[in-house]
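These protein sequences, in sequence, are chains A and B. For the first sequence, counting from 1, position 88 maps to 88 in the numbering used here; every step adds exactly one. For the second sequence, counting from 1, position 26 maps to 26 in the numbering used here; every step adds exactly one.
Careful: at least some of the hints might be erroneous.
[Claimed, not checked] SDA-like cross-link-like pairs, simulated, lysine to any residue; straight-line CA separation at most 25 Å:
#1 A:12 with B:382
#2 A:59 with B:382
#3 B:23 with B:415
#4 A:59 with B:23
Just so you know, these hints were derived from the structure itself, not from any lab.
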Amino acid sequence: MPHQLSIFAENKPGKIEKITGIIAEGQINIRAVTISDAGDYGIIKLLVDNPERGFELLKSENIAVNLKEIIAVKIEDKIGGLHEISKVLRENNINVNDSYGFITEPKKEAVFIFQVADPIHAENILKKEGFSLLSDRELYLI
Amino acid sequence: MFNSSIEQIPRQELEALQLDRLKKALEAAQRTPFYKKQFSDNNIDVSKINSLSDLKKLPFTTKSDLRVSYPDGMCAVDRNVIVRMHASSGTTGKSTVIFYTRKDIEEWSSLVARGLYSSGIRSEDVFQNMMGYGLFTGGLGLHYGAEKLGCMIIPSATGNSLKQIQLIQDFKTTAVHITPSYALHLADVINGEGINPADLGIRRAVLGAEPYSEATRDKIQDIYGLKAYNNYGLSEMNGPGVAFECEELGGMHIWEDFYIPEIINPETGENLPDGETGELVITHINREAMPIFRYRTRDLTRIIPEPCRCGRTHKRIDRMKGRTDDMLIISGVNIFPSQIESVLMNIPEVGNNYQIVVDRENNLDKIHIKVELYSKMFHGDIKELDSLRKNITDLLKSTIIVTPKIELLEPGSLPPSTGKAVRVIDNRKI
Numbered sequence: 001m002p003h004q005l006s007i008f009a010e011n012k013p014g015k016i017e018k019i020t021g022i023i024a025e026g027q028i029n030i031r032a033v034t035i036s037d038a039g040d041y042g043i044i045k046l047l048v049d050n051p052e053r054g055f056e057l058l059k060s061e062n063i064a065v066n067l068k069e070i071i072a073v074k075i076e077d078k079i080g081g082l083h084e085i086s087k088v089l090r091e092n093n094i095n096v097n098d099s100y101g102f103i104t105e106p107k108k109e110a111v112f113i114f115q116v117a118d119p120i121h122a123e124n125i126l127k128k129e130g131f132s133l134l135s136d137r138e139l140y141l142i
Numbered sequence: 001m002f003n004s005s006i007e008q009i010p011r012q013e014l015e016a017l018q019l020d021r022l023k024k025a026l027e028a029a030q031r032t033p034f035y036k037k038q039f040s041d042n043n044i045d046v047s048k049i050n051s052l053s054d055l056k057k058l059p060f061t062t063k064s065d066l067r068v069s070y071p072d073g074m075c076a077v078d079r080n081v082i083v084r085m086h087a088s089s090g091t092t093g094k095s096t097v098i099f100y101t102r103k104d105i106e107e108w109s110s111l112v113a114r115g116l117y118s119s120g121i122r123s124e125d126v127f128q129n130m131m132g133y134g135l136f137t138g139g140l141g142l143h144y145g146a147e148k149l150g151c152m153i154i155p156s157a158t159g160n161s162l163k164q165i166q167l168i169q170d171f172k173t174t175a176v177h178i179t180p181s182y183a184l185h186l187a188d189v190i191n192g193e194g195i196n197p198a199d200l201g202i203r204r205a206v207l208g209a210e211p212y213s214e215a216t217r218d219k220i221q222d223i224y225g226l227k228a229y230n231n232y233g234l235s236e237m238n239g240p241g242v243a244f245e246c247e248e249l250g251g252m253h254i255w256e257d258f259y260i261p262e263i264i265n266p267e268t269g270e271n272l273p274d275g276e277t278g279e280l281v282i283t284h285i286n287r288e289a290m291p292i293f294r295y296r297t298r299d300l301t302r303i304i305p306e307p308c309r310c311g312r313t314h315k316r317i318d319r320m321k322g323r324t325d326d327m328l329i330i331s332g333v334n335i336f337p338s339q340i341e342s343v344l345m346n347i348p349e350v351g352n353n354y355q356i357v358v359d360r361e362n363n364l365d366k367i368h369i370k371v372e373l374y375s376k377m378f379h380g381d382i383k384e385l386d387s388l389r390k391n392i393t394d395l396l397k398s399t400i401i402v403t404p405k406i407e408l409l410e411p412g413s414l415p416p417s418t419g420k421a422v423r424v425i426d427n428r429k430i
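Next up, chain A with everything else stripped away, as it sits in the complex (with noise of 0.2 Å):
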């Protein structure tokens, strides 16, 4: 199952900027990245194509970071694309508690992330729906 870096950071300027040189330096592309804040700080989610180098990395310079186990969907990058598996979710009860997206291939194919509960149980139900999960080399090498 693939894997995003979660790193809790002060709502400050410059911190993002400290979490990136120690990804660059330690060579890891960034694929892509969403923040969340909660006023005096936040969680800044970095999807990378090696995060258990990135989770060393940033461990060993005394950065709050954990490893989330996240679900990537292939979607279709078409009006309605994203209801699909929304719909799918819904009727199995699956709540998602975070998630973004993006293209990758224009009009053709999108990518969906998102975190859960339980994301063996998630990941059972949408392989039987028909969906097509990315691996995590997959993932990264997108």
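Given the coordinates of chain A, assemble chain B onto it according to the supplied hints.
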């Protein structure tokens, strides 16, 4: 005067009364496990204390002695004659507890009444007591004193400014007991309601529970068009009512028929002559339930040597100049940084470094506590961080009474605990 025979007692008679009461208090203290041990450990023979200057032979009593004696190691009477206890919050969950017999409560009330009268409060006054009621002595202590004096008391307690204003208007409050910072804040709220505070008809304010400057007093007097008087007290010495400012405004008379004040050099423990500034040490010579000898208040002041024009013979102490320890007074509540530290260090998600920042915003004290997140306890979940912050706030609030604002910081962002880490930053201008 409320009781002119005692308030104007000639010094010689006063000192004879003090010695007599001191001896009785020493006698009673032998019944307490704490003093029994303290006297025997220090080879003190109480029968050899025959003059007031012999008081110096006794060891000091400190706040930590009170904590160690929790809950009743300093109590000199049977539990069934105690009618009340008060407590101040303590570190590591232990409070300092004070006990009172019925006589103690009545006499404390008389002392407060005596002080209120000296500050110009009369039985005709409608007295709104805007202090915390509960274990804290400030609310109930003044309450009983004002009642004894014959005032109509409004036990409005703290907070809820709009309700306070309504009570002032509806019941025509003429005197208030209030912290200086809240008096200034309340004035802003009153102005915000389109009312001039000076039109409310409050004529006297008894200010206490926190340090403040002459400039603040002037400001409060101007805004409300009232006269404001200082008072001093601490729970170990009953609570409020230890010393009150009379209408001559030249310092606070400490009621020497109950308290023997000394000023010491806080470093050496040596007594300093009247007029010199040092740490105030007080002996309570007239409390049945709990005599306390040479209590180190940690407050810095001086004894004013000159007699007061008001005719009272009891010595005056000056406005408090500061503390010899790190105690913080936040909205009238006493807080030690160690209390905050012990709460924080019991929370696994919190790292080892923290910082306490105190500010005064719109005349209200604000306490911010900056804590570092412990990196190993971070699970990448923002909801978990929000509930952690709430949990820290709740735990601290239950210990220090006031509600702190918690800031979660990245690991390593505060100065390390080794060396001279600045743990407390007090930005208030007193």
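- Task: Any hints from earlier that this structure breaks? Give me their numbers in increasing order, please.
- Result: 3, 4
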